[in-house]
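Chains as they are written, first to last, in the numbering used here: chain A, 1 to 158; chain B, 1001 to 1763; chain C, 2001 to 2289.
Any given hint could be a false lead.
Below, a sample of chain B positions facing chain A; criterion: calculated Cβ distance under 7 Å [what the hints assert, rightly or not]: (1) GLY1024; (2) ALA1032; (3) MET1043; (4) SER1127; (5) ILE1215; (6) GLU1216; (7) TYR1650; (8) GLY1653; (9) ALA1660.
FRET-style restraints, in silico, Cβ to Cβ [as the list claims (entries may be wrong)]: (10) C/LYS2063 / A/GLY83: 57 to 65 Å; (11) B/THR1739 / C/GLN2280: 22 to 30 Å; (12) A/ASP84 / B/SER1255: 36 to 44 Å; (13) A/ASP84 / B/MET1592: 55 to 63 Å.
Bear in mind the hints are in silico, worked out from the structure with no lab data behind them. Since this is a predicted model, take the numbers as computed values, not measurements. Glycine included, every Cβ here is placed at the ideal spot set by N, Cα and C.
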Amino acid sequence: MAKIHVTATVNGDEVEFLCELEETLLDVLRDELHLTGSKEGCASGDCGACSVMLDGRLVCACLVLGVEMEGRSVETIEAMAAGDELHPLQQKFLEHAALQCGICTPGILVAAKALLEKKPDPTETEVRFWLAGNLCRCTGYDKIIRAVLDAAAEMRVS
Amino acid sequence: MSTAEKLENGKFKWVGTRPVRPDGVDKVTGRARFGADLFLPGMLVGRVLRSPHAHARIKSIDTSKAEALPGVKAVVTRDDFKEMPSESVAAGEMMIDYRDMTRNIMAREKVLYDGHAVAAVAAASASVARKALKLIKVEYEVLPHVIGVIEAMEPGAPVLHEAMFTEGVEPTPDTPSNIAARNELGRGDVEAGFKKADIILERTFDTAPVHQGYIENHACVASVSEDGKAELWCSTQGHYMVRAFCAKLLGMDISDLRVTASEIGGGFGGKTIVYLEPVALVLSQKAHHPVKMVMTREEVFRATGPTSGANVWVKLGATKDGKITAAEAVLKYQAGAFPGSPVGPGCMCAFAPYDIENVKVVGYDVVSNRPKVAAYRAPGAPISEYAVECVVDELAEKLGLDPIELRLKNAAKEGTQAAYGPKFGPIGFVETLEAAKSHPHYNAPLGPNQGRGVASGFWFNIGGESCATININEDGTAQLMVGTPDIGGSRASMAMMAAEELGIDLDKVNPVIGDTGSLGFSFLTGGSRVTFATGKAVIVAAGNVITDLRERAAKIWDIPVDAVEWEDGFARPTSSNAGEFDPLSLADIAAMAAKTGGPIAGHAQINAQGAAPGFGTHIVDVEVDKETGRVTVLRYTVIQDAGKAIHPSYVEGQYQGGAAQGIGWALNEEYVYGEDGRMQNTGFLDYRMPVASDLPMIDTQIIEVPNPNHPYGVRGVGETPLVPAMGAVACAVEHALGTRLNELPMSPPRVLKAIGAIGEAQA
Amino acid sequence: MEQMRYEAPDTVDAAVALLVGAGGETRILAGGTDLLVQLRAEWIEPDLILDVKKIPELTEISKENGGFRIGAAVTGAELGEHLGVKKAWPGVVEAVELIGSVQIQSRATMGGNLCNASPAADSVPALIAAGATAAIAGPNGRREIPVEDVGTGPGRTCLAKGEIVTSIFLPSRPAHSGDAYLRFIPRTEMDIAVVGAGVSLTLDGGGKCSAARVALGAVAERALLVDAAARALIGTPVDDAALDNLAKAASAAARPIDDKRGTKEYRIKVSGVLARRAAQAALERARQS
Ligand SMILES: Cc1cc2nc3c(=O)[nH]c(=O)nc-3n(C[C@H](O)[C@H](O)[C@H](O)COP(=O)(O)OP(=O)(O)OC[C@H]3O[C@@H](n4cnc5c(N)ncnc54)[C@H](O)[C@@H]3O)c2cc1C
Ligand code: FES
Ligand code: FES
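My request is simple: use the sequences and hints to build the entire structure.
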């Protein structure tokens, strides 16, 4: 089957890939580029495990076609830490034990980062509604919400 | 200081603290590799063709067109799996029969539920695999189906298994039915007990089957080489179980199959059996390539284990002052397409929190055209205990007693004879009730349309076989290996116990999960057993390391080993009589290992006995919108006896996660079937698990009544937190409405119906 | 099967030409939040996927005759950030913002919501209540029709082959008027409406309702404009009696089915409840405007 050639920016690097029309951005990231930090929980936009930033907007990578990526830029969980330095959200997730199995964690971190970029001082309710598209079955969300609020507080100070 | 002394004084260095988990960084950076994250050279994509019918005889399967499609490397059907004789084995906390297992992974004579696997392909790409599935022709003779448990028990219901005659009734019936088994337990004389009662309540409850809802779909990669040796990578709660099941189904030697557990994205009991793994192995063997198989979410819902839906009848009798004199229940649990619901533990747990003289519980294991149930957190217990807790609450209401007081009057304590058999050792049930009673939450005011519920719960917790190895590296660091997959932070607890025992810093211990080729058999991560049983293995292994270390020090000092003691990470002479020597640290001894006899290690292979039950009490406030029937959870508190919390954050996490799952079960989660017997809500949009905005913070209180059978007092905490939740939420809703629903989920239409805002007649 | 093709033209004319020229099934791709799900589930197997997000006309919001013309491919997130539209038609914007999660909002469009023609689409009752129109371009030129005429049944629209919706027009907002949209879902987020109700109303100088439009979603094969419910408000001070009548009219107009998301009787009851609550919210806004 003829594949389509696409050039896009992934985590700051220009990459080229071939994809079938039916492949989503998530398929491309995982199966073509082997960036497996973005997870597939549903492939239908319901769980948020595949959350990435597409040209500065938070999207489900499973609901974007690979071919739509031509000339566009995506950022994934793999780009969240700056070198050895974890992002404050990552650090707070560790400190608060905001993950159990960890499958939802990459998507939640990407989504939470998008929130704090838009709203550095969110309320608990705002965090909860912002993260409503990210399912976590293990934690009951409590520690996740606390970690996000704590990271926000720390980021406002620094 | 000895462990006992440390426990007494609470003088632990690591146990009871909240360090960052060792695998944490990998999990927040996306580096951790889960089931679907492995890529092998030449790997193919495997996919399963599933039945569109709830019940049908397979007349023929024609795979020739699929096999001819370019890019297709292998196709398998029932013909690729051999018949298995009936043989029951433990799969986690449930039992499973190999005869059924082989039929569940690939249908043989019949398909028994929508989504039942009928064939599978391995192809060069996902798109080719999808096309290949469409080219497989299956001829079905569609049969009448039955979905509900009560319907399935009726005479004349479509029978799933023509050779199934109810076990446990005398004489064995001579006609087949969907009732696989009847079991009964109890003690005392319930008739006499009810005679002593001033008040008797009898209620019937219905609960919907619910899915474990792990976010990671089932996934595996199999690679079989030409000599028959195989490697399997999969997301599982127990890779030794996967090995045992696959080897048995495929007729392999156990030593020929090496299974590695990937990181696991949730299981809750649902990843204690095999679905894709044997199929991937056979595909790989046929295709001579590694094969990766990943389920879609729809497949997970249609074909993997929910827990039972059920119908439960409960009868309680009590005196005026609230002493329960007799308790009786009949439990009818759905097993799914094959026998083996958790009705057994459901019966055992039903009245376990209470000290009741006269108890009788009867359970029925009932098959119907649904996916075979799998374990789900305290399998069986949440259903029966939900029903019992609702009646206990109503009893308190009718007697004008506080529901916690009523429970305190009847609570099981150390020495109580449980109806299911044993006498309880030290348990913390009363402590959770007392804590609940004095908790600010319990005494906070409520607003209009709000209600508060409390309920308690019990689960056995289990022990069992575990191995652990500690290898001391040349630089004094320790490599800790266990065989139980880390599903929620257990690496941290294992490493903490090892560091505590050895007296070294936690960051010097590197815990890993060994594959089946690296470590001996370990039972799975389930039954709330890992911190208890594998933890015990770690402690024994550490003890063996210490013995070795003492011997090395004795050698270095040239004194008898008995004259060397190990304390806080140092070998020291027991007294000055033994000689004047500077203490040797673990690192000092490790550096001299080559000269003193070679590498230093400790191993343990144990069958951990003495698991101790967990009790919890939940308090919840809800508000009900009486015009729409929506229930909002306002406040939630979980109080549970952990025995000892090794890493309190992860204990709290278990409490919170269990409560959240219970809220979902109580309010909105259910399977919706069409007339055609097909599941209609096969995605997260319509299978409504709680999202972040649905829940409040979930407060926790850890009670610690130590388990005497674990050096640190650990009980295990993973399952109990789900048990009280449905009862607590149900009682809260009932108090807000003034009406009892006796049905789960308490979805908005059911709530409106219960308060008469909409009537049966209008429908 | 023919190989699926992907095109992303940058003008409406080119898009129409591609659609007209294509054999077999064609699908427009806007945000893809419906389309990709349907593709994955293999409910649809189009021969051509036509991405309209590169057409400027479809991705802009502009002022027109005191109202707003919103490109069919404007995302929910972009609409939510447009203060002008939000101020004039808060009910429409809140309806669009209810669609899915933040992630979905980054992609989902009103054009997609309308043309997917789900009876439960959230923006549609709000748009109908607002008196919005849809601009359509096709091989035979352009036309503009009321939003309520676009959907004809579940998954069906009145669009002919080669036609696309280019924009949605929200008229200028009269003085002392307000709109609101409410939906019922069992959870707080990430659900499809069990019932949706949009109300737009205008008050005269004396605080009496002079004009109203009421629309319901998820209670029939497509969103309903309920004249009887509007009449229950017009000429009244939107008091309890009027609201009771509105609720009765809304429940009477609902003709739902039982499905996985709710029962028939439940939907009938809640239609009235939500219509009433939406009218109260719209009234509050009208009083403040
Ligand atoms: C997780 C999730 C949650 C959701 N929640 C909601 C919700 O709460 N409420 C709700 O209403 N919907 C919901 N949806 C459905 C969907 O997001 C909305 O319908 C959305 O508005 C669709 O817009 P889109 O741009 O993504 O459409 P697309 O998927 O791109 O298109 C949808 C359909 O419309 C056609 N189409 C698109 N644009 C045009 C055009 N300009 N002209 C002609 N035809 C066109 C397409 O061919 C396709 O058939 C949800 C979806 C997901 C995945
Ligand atoms: S995988 Fe994309 S939202 Fe679930
Ligand atoms: S930590 Fe397991 S799903 Fe969130």
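Tested hints:
1. Here the hint on B/GLY1024 is kept, as its CB sits about 4 Å from the closest CB of chain A, short of 7 Å.
2. At about 6 Å, the closest approach between the beta carbon of B/ALA1032 and any beta carbon in chain A falls short of 7 Å, and the interface hint on this residue holds.
3. A cut of 7 Å between beta carbons decides the hint on B/MET1043: the least distance to chain A is about 10 Å, and the hint is violated.
4. Checking B/SER1127 against chain A: minimum C-beta separation of about 6 Å stays under 7 Å; hint holds.
5. Interface restraint check for B/ILE1215: the shortest CB-CB distance to chain A comes to about 4 Å, inside 7 Å, so the restraint holds.
6. The closest approach between the C-beta of B/GLU1216 and any C-beta of chain A is roughly 4 Å, which is under the 7 Å cut-off, so the hint is satisfied.
7. Annotation: interface hint on B/TYR1650 holds; nearest CB of chain A at approximately 6 Å, less than 7 Å.
8. Taking 7 Å as the C-beta contact cut-off toward chain A, the hint placing B/GLY1653 at the interface holds, the least distance being around 5 Å.
9. Residue-level restraint check for B/ALA1660 holds (minimum Cβ-Cβ distance to chain A is 3 Å; threshold 7 Å).
10. Between C/LYS2063 and A/GLY83 the beta carbons are some 47 Å apart, a value that contradicts the proposed interval 57 to 65 Å.
11. Judged by the Cβ atoms, the range 22 to 30 Å given for B/THR1739 and C/GLN2280 holds: they are separated by roughly 27 Å.
12. Separation of A/ASP84 from B/SER1255 is about 42 Å and conforms to the stated range, judged on CB atoms against 36 to 44 Å.
13. A hinted range of 55 to 63 Å for the beta carbons of A/ASP84 and B/MET1592 is inconsistent with their spacing of about 34 Å.
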